[in-house]
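K.L.:
Numbering of the first sequence is given in this note's numbering, commencing with residue 1 and proceeding in unit increments.
The reader is advised that the hints may include incorrect statements.
Stated by the list, open to error - PhoX-like, lysine-lysine: derived pairs with alpha carbons at most 25 Å apart:
| no. | residue 1 | residue 2 |
| --- | --- | --- |
| 1 | K13 | K51 |
| 2 | K91 | K105 |
| 3 | K113 | K91 |
| 4 | K105 | K51 |
| 5 | K51 | K91 |
| 6 | K13 | K24 |
| 7 | K42 | K13 |
| 8 | K24 | K51 |
| 9 | K42 | K24 |
Hints listed in this document are in silico derivations from the structure and should not be mistaken for laboratory results.
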Amino acid sequence: MGRQPCCEKVGLKRGPWTAEEDQKLVGFLLTHGHCCWRLVPKLAGLLRCGKSCRLRWTNYLRPDLKRGLLSDEEEQVVIDMHAQLGNRWSKIAARLPGRTDNEIKNHWNTHIKKKLRRMGIDPATHRPVSSDQTQAPPPVPPRDQEPRDGAEQPRQEEEEDVKAIVPMIQPHTAAGNDSSVFSPASAISPSCSSSSPSASASGLDVAEWPEPTYLFGMDTIMDVGSVWDAGFLSGGVDTFDHYYPGAGFDQEDWL
DNA sequence: AACATACGCAACCGCTGTCAA
DNA sequence: CTTGACAGCGGTTGCGTATGT
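Let the hints inform the model, and build the full structure from the sequences given.
P.N.:
In structure tokens, the structure reads:
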């Protein structure tokens, strides 16, 4: 009623964000915050819809984001929370400061699900997979209905594909075009992650925000990468052995 | 070296709940 | 009370990179 439509998609840019666009968005939000996402792209001089700006900010540019692989502890929280909540990624993310729902969702779909299946555990039910399908119904989700899903069904028979269960050791360079070689928020110290990931960015004190992240040098980014390598390859406590003791998971299968 | 395939992640799509006009 | 914009969420997809042949 009288309100303008959210975004008229004509003439709006889509697809991967460039460094210049990121710079504009971060610069604007750091300076002004956001009162209304619809206005952000216009005021920031971006040919994007507000939704796209919000997504880019919350999933990638927010200064309090952690980057890199989830730690063992974080994975354990994800698994534990998923067993309780199902695919409520935003709720799970709320328990992991500095992590986004999108990141957790991706990590679940690409790593944890495969890992669980490899262990003979159904990632949807968190119960051992039985060839006997008369097994008791799943204990989760605790909601009225399974989240409009279907996506829980594997796209292919992953169990049969041994290669599929071997993760690629790939520090955050995958998105790899020039504009995303920098990993903006990866340069932020984990100590910046005190606020809830679901907290409104506008609630943060601008003075506390770090510089737009791509303004950090590559040295910092590479340092983060080395931390990933060290953490991932160090062979420390395995989340899955901890969470599913006796499940017979062999970490060497992964490395 | 060139090509094919698999993988992972960023971004988009579409839906829902909330709230303002 | 109704309508519609907005914000947020979860599922899906497209593309770039890594790996295999």
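K.L.:
It remains to establish, for every hint, whether it holds in the given structure.
P.N.:
Hints versus structure:
1. K13 to K51: Given that 25 Å is the threshold and the Cα spacing comes to 12 Å, the pair holds.
2. K91 to K105: Given pair K91, K105 holds - Cα atoms ~11 Å apart, limit 25 Å.
3. K113 to K91: holds, 18 Å
4. K105 to K51: Holds: K105 and K51 sit about 19 Å apart, inside 25 Å.
5. K51 to K91: holds, 20 Å
6. K13 to K24: holds, 14 Å
7. K42 to K13: Satisfied, since the Cα-Cα distance of roughly 13 Å is no more than 25 Å.
8. K24 to K51: The hint holds at about 16 Å.
9. K42 to K24: holds, 11 Å
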